[in-house]
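Colleague: Just need the whole structure built from these sequences, with the hints factored in.
Going down the list, the sequences are from chains L and V.
Our numbering puts the first residue of the first sequence at 1, with every later residue one more than the last.
Our numbering puts the first residue of the second sequence at 1, with every later residue one more than the last.
It should be emphasised that the hints constitute simulated quantities derived from the structure, not laboratory data.
Check before you lean on any hint, since a few could be wrong.
[What the hints assert, rightly or not] With a Cα cut of at most 27 Å, we get these calculated DSSO-like pairs of lysine-lysine:
1) V:Lys315 - V:Lys180
2) V:Lys110 - L:Lys214
3) V:Lys110 - L:Lys181
4) V:Lys180 - V:Lys195
[Claimed, not checked] To spell it out: a stretch of chain L is covered by chain V in this simulated footprint if at least three of its residues, at any positions, have a beta carbon under 8 Å from a beta carbon of chain V; those stretches are:
5) 140–152
6) 159–167
7) 207–221
8) 296–304
Predicted model, so just to flag it, every value in this text is computed and none were measured.
All residues carry an ideal CB built from backbone N, CA and C; glycine is no exception.
For reference, the chains in residue letters:
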Amino acid sequence: MAKKKQPAEGAHGGVAVEDAPAVAAASDAATDAAVERPAPVAAAVGAEGAEGDDAELNHAMLRSMLLQRRFEERCAEAYAIGKIGGFCHLYIGQEAVSTGSMSVLRPDDYVITTYRDHGQALARGISARGVMAELFGREGGVSGGKGGSMHLFDAATNFLGGHGIVGGHVPIGAGVGFAIKYRGGDQVCVCFMGESVVNTGAFHEALNMAGLWKLPCVFVIENNRYGMGTALERASAIHDIYERGAAYNMPRGQCDGQDVFAVRRAMGEAVERARREQCPTLLEVRTYRFMGHSMSDAVSGTYRSKAELDEYLKRDPIALLRAHMQGRGQIDDAGVQAMDDAVKAEVQDAWDFADASPEPGPEALYRDVLADTTS
Amino acid sequence: MPVITYRDALNQALREEMQRDDRVFLMGEEVAVYNGAYKVSKGLLAEFGEMRVVDTPITELGFAGIGVGAAMVGLRPIIEFMTWNFALLAIDQVVNAAAKMLYMSGGQFKMPMVFRGPNGAALQLSAQHSQAWESWLAHIPGLKVVTPGTPADAKGLLKSAIRDDNPVCFLEGEMLYNTKGEVPDDPDLTIPLGKAELKREGDHATIVTHGKMALVAVQVADQLAKEGIRVDVVDLRTVRPMDTEAVYASVRKTNRCVVLEEGWELCGVGAQVVDYVQRECFDHLDAPVLRVHQADVPMPYAKQIEKLAKPDAAKTIAAVKQVLYLDP
Numbered sequence: 001m002a003k004k005k006q007p008a009e010g011a012h013g014g015v016a017v018e019d020a021p022a023v024a025a026a027s028d029a030a031t032d033a034a035v036e037r038p039a040p041v042a043a044a045v046g047a048e049g050a051e052g053d054d055a056e057l058n059h060a061m062l063r064s065m066l067l068q069r070r071f072e073e074r075c076a077e078a079y080a081i082g083k084i085g086g087f088c089h090l091y092i093g094q095e096a097v098s099t100g101s102m103s104v105l106r107p108d109d110y111v112i113t114t115y116r117d118h119g120q121a122l123a124r125g126i127s128a129r130g131v132m133a134e135l136f137g138r139e140g141g142v143s144g145g146k147g148g149s150m151h152l153f154d155a156a157t158n159f160l161g162g163h164g165i166v167g168g169h170v171p172i173g174a175g176v177g178f179a180i181k182y183r184g185g186d187q188v189c190v191c192f193m194g195e196s197v198v199n200t201g202a203f204h205e206a207l208n209m210a211g212l213w214k215l216p217c218v219f220v221i222e223n224n225r226y227g228m229g230t231a232l233e234r235a236s237a238i239h240d241i242y243e244r245g246a247a248y249n250m251p252r253g254q255c256d257g258q259d260v261f262a263v264r265r266a267m268g269e270a271v272e273r274a275r276r277e278q279c280p281t282l283l284e285v286r287t288y289r290f291m292g293h294s295m296s297d298a299v300s301g302t303y304r305s306k307a308e309l310d311e312y313l314k315r316d317p318i319a320l321l322r323a324h325m326q327g328r329g330q331i332d333d334a335g336v337q338a339m340d341d342a343v344k345a346e347v348q349d350a351w352d353f354a355d356a357s358p359e360p361g362p363e364a365l366y367r368d369v370l371a372d373t374t375s
Numbered sequence: 001m002p003v004i005t006y007r008d009a010l011n012q013a014l015r016e017e018m019q020r021d022d023r024v025f026l027m028g029e030e031v032a033v034y035n036g037a038y039k040v041s042k043g044l045l046a047e048f049g050e051m052r053v054v055d056t057p058i059t060e061l062g063f064a065g066i067g068v069g070a071a072m073v074g075l076r077p078i079i080e081f082m083t084w085n086f087a088l089l090a091i092d093q094v095v096n097a098a099a100k101m102l103y104m105s106g107g108q109f110k111m112p113m114v115f116r117g118p119n120g121a122a123l124q125l126s127a128q129h130s131q132a133w134e135s136w137l138a139h140i141p142g143l144k145v146v147t148p149g150t151p152a153d154a155k156g157l158l159k160s161a162i163r164d165d166n167p168v169c170f171l172e173g174e175m176l177y178n179t180k181g182e183v184p185d186d187p188d189l190t191i192p193l194g195k196a197e198l199k200r201e202g203d204h205a206t207i208v209t210h211g212k213m214a215l216v217a218v219q220v221a222d223q224l225a226k227e228g229i230r231v232d233v234v235d236l237r238t239v240r241p242m243d244t245e246a247v248y249a250s251v252r253k254t255n256r257c258v259v260l261e262e263g264w265e266l267c268g269v270g271a272q273v274v275d276y277v278q279r280e281c282f283d284h285l286d287a288p289v290l291r292v293h294q295a296d297v298p299m300p301y302a303k304q305i306e307k308l309a310k311p312d313a314a315k316t317i318a319a320v321k322q323v324l325y326l327d328p
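Modeller: Written as structure tokens, this is what we have:
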């Protein structure tokens, strides 16, 4: 199989866009050149951009990404000893997407995602305790132990779930955008999905309505190149899948998902466009999962080679941000070590909390099947 | 009391509830400019505007999901399927999303929404447009399934469905839209979900039914009364949750039971009623419980065999006489 071209390397891995002129805010009139030569969502600002210099922000982002990484490393351990059951899909390698995206959102914005949801939940600010307890199937979990790994929900942070049917949550995300518009609000709904979603009817139906009705949504495709074990090139008739946005008259583009600054810039623009202009965006973020599809899937050897994996591992999003910060004197080795120690302690605390939290009792079995309220 | 059609009763319910609560909106194919494929939403666009009466593309899965998302964040969508046959394209949203959201979120996200539209066979619409879906939907915990048979029930139950904080599948009878009946015009009058109604009273046998077949059951009761046979007609009105107590009370009185439904036999609503009755009324039964339902075939187009496929008054009368051990 032909190896997919790597994102162009910029100062931070850069923004992988074709000679990026303006942002693709322009709508697609039939004559719009964007159809032939898609304009990027992210402006091609370099590492000199203001974000690169914001040490406080970078610390927060590095910590967020590191928390996801250390948390999920412990998930793998917990799964191996049976503390986590069922399906468990790790996000390791994709942390720049969640952290970069969440960093541009307001607390009253909405987030909805797929079953690979641990990273986004943590990046959105849900406690590690609440997430770990949910994975352990305990009362103290964010969903009371009823949802598990694939169904993290948190009303307090407008985190609208982890959804388990590929494509099923995309119309729901559009519906949240509809509700925002209905109320005349200026929130935004960010809907994450894997690249395999673009081949579902649900994706097409949702994006058509979002484009038709100008719903304040950002549809983020986390293109980690494989829908389970099927490479994008074996599943989609076009390979630059953000181009599908053309069918919905929707601004669109792609960016490097290993570079948290690139994600931040692209998302920042898309979110502002949704907030100010009530215009949806289709953003393809090119990333890679460093683990298998789920816990039962080998990291490499079947549908992808060790050599390919090794190539991508060179662009670990956490290492890239760390190198950037160290290069600018924003953090030193001791600082990284201290952060890592703190994160590990937080994860251990989450583990201990989850372990101590009781399993839902029999009285929970029939609770919340139906609400007993009316308007 | 005013006498109006089933269609107008539904229209009144929609209008009154949209006036009462501005979180309620109606979305579906042809609901706005066209005034509804069956004219149930006539006049609503003019009164409430295009943000609250929303024409969609032909995209059932998509707009059902729009409804789910809007309900998650506090609106109260009414999602109209032009017919329930088309809802199969959207069933992932009904079953996997709406029905389960409250439970799998640990009680955090309610789903105050209604999926509604015509259900069941009309006349010569053949296989893809002549199906009764209530047994499918009633199988799913987390849903309520409502099947009004009269104009008054249509109005009162739809109002309750809209006010309910759960996802309600509201199955209207395609052949009922033009039927007429007395309907209260009090905007505060609702009919609780999960409550059956005794539509005819008698002590010889019980007919348990719901939806369009309630009408048939009433005709059967009236016809049998001329022969001196008095039957209870228990109209479930809501299939899930089911008012089993009403069924038991009637069967314990009459000791004989026929279950009449529009759908197919296997795993039908009637199968569940029979199960409940044998468990709870075993000592009261003087005859096996019989069922009347659609023939186990896709609905044919040709008139004569279409009639053969459908449950009707004659088949129901035969079943009642059989449980009474009378000659047909």
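Colleague: Each hint should be assessed against the structure and marked as holding or not.
Modeller: These are the hints, each one checked on the structure:
1. V:Lys315 - V:Lys180: OK: V:Lys315 and V:Lys180 at ~25 Å, within 27 Å.
2. V:Lys110 - L:Lys214: holds (26 Å)
3. V:Lys110 - L:Lys181: The hint holds at about 20 Å.
4. V:Lys180 - V:Lys195: holds (22 Å)
5. 140–152: holds (count 8)
6. 159–167: holds (count 5)
7. 207–221: With 3 residues closer than 8 Å to chain V, the stretch 207–221 of chain L meets the three-residue bar; holds.
8. 296–304: Since 0 is below three, the answer is violated.
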